[in-house]
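Enquirer: Residue numbers for the sequence shown, in my numbering: 1 to 234.
Since the hints were made in silico from the structure, they are not lab data.
Keep in mind that a hint or two might mislead.
Quick list of simulated restraints, FRET-style, between CB atoms [stated by the list, open to error]: (1) Q21 with R110: 32 to 38 Å; (2) G130 with D226: 26 to 32 Å; (3) G214 with Q13: 25 to 31 Å; (4) G62 with D128: 20 to 26 Å; (5) H196 with A17: 21 to 27 Å; (6) T211 with E124: 18 to 24 Å; (7) A221 with L42: 22 to 28 Å; (8) E124 with P216: 22 to 28 Å; (9) Q13 with A187: 22 to 28 Å; (10) T211 with P10: 25 to 31 Å; (11) L42 with R88: 16 to 22 Å.
Ideal placement from N, C-alpha and C gives every residue a C-beta, glycine not left out.
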Amino acid sequence: MRVLVTRPQPDAQATAARLRQAGHAVMVDPMLAVEALPEARLPAGGFDAVALTSVNGARLLGARVELSALASLPLYAVGRRTAAAAPRAFAEVHIAGGDGAALADLLRTRLPRGARLLYVAGEERAVDLGAVLAGDGISTELFVIYRAVPAAGLAPETVVAARERRIDAAFHFSPRTAATLAQRAEAAGVSACFRHVEHLCFSANVAAPLTAAGWPTRIAAKPTEDGLFDLLAR
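Using the sequences and the accompanying hints, generate a full structural model.
Expert: Laid out in structure tokens, this is it:
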């Protein structure tokens, strides 16, 4: 299979390497570039736990001076990859089932009413933990430490491959990368070409902007990279 990978670096190359090892041809065209926000300041006050919903947030937290003040708190990660990327300073790590809903459920069962949660995230978030947990009496403070900047356009080789129908499948890990691909494909005049591609998605939320573009989507049984590989094998 000829597979398009659009997630940000360095994860795009890691996914590409795994695809090549499995015998697939790969085209990498990241739709987002991650930028740290060193000027971000930790919200005042004490916290009862820390939550992470992205690998990028997990990696960048490790470079923050505030880490030493947070490491004694329990860490709640959205999934295994995020937990694996999190700083080793956290002695207590709890891992949810891979999406925001699963993380919210885990936090509800573990944190008491009145707890204060620090949500380490980017400027754009797939889940609003504050809104989701407010009814459970858990207050959430945001610590925004990075932004994801959309690509200006598709790489020329991606445009050519789409026109020549040399893309069989595409991996989609987040709603924003999916939406950016749909927008950039429309701008390049190749949106119709992507209707001939199998779009393999982490979740229904990820698939939504692709479905809106009229592209065929399939959703992984589990919101993990393994789930996407399982779809590819079918």
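Enquirer: Give a verdict on every hint.
Expert: Structure-based check of each hint:
Look at Q21 against R110: about 37 Å separates their beta carbons, and that is inside 32 to 38 Å. Take G130 and D226: their Cβ atoms lie about 30 Å apart, and the range 26 to 32 Å holds. At about 30 Å, the beta-carbon gap between G214 and Q13 stays in the expected band of 25 to 31 Å. A beta carbon spacing of about 25 Å between G62 and D128 agrees with the range 20 to 26 Å that was offered as a hint.
Take H196 and A17: their Cβ atoms lie about 26 Å apart, and the range 21 to 27 Å holds. Checked against the given bound of 18 to 24 Å, the beta carbons of T211 and E124, roughly 20 Å apart, stay inside it. Look at A221 against L42: about 38 Å separates their beta carbons, and that is not inside 22 to 28 Å. Taking the beta carbon of each, E124 and P216 are about 25 Å apart, inside 22 to 28 Å as hinted.
The hint said 22 to 28 Å for the Cβ distance between Q13 and A187, and at roughly 25 Å that hint holds. Restraint check, T211 to P10: a C-beta distance of roughly 29 Å satisfies the suggested window 25 to 31 Å. For L42 paired with R88, a C-beta distance near 20 Å keeps the hint of 16 to 22 Å intact.
When the structure is compared with the earlier hints, a violation turns up for hint 7 alone.
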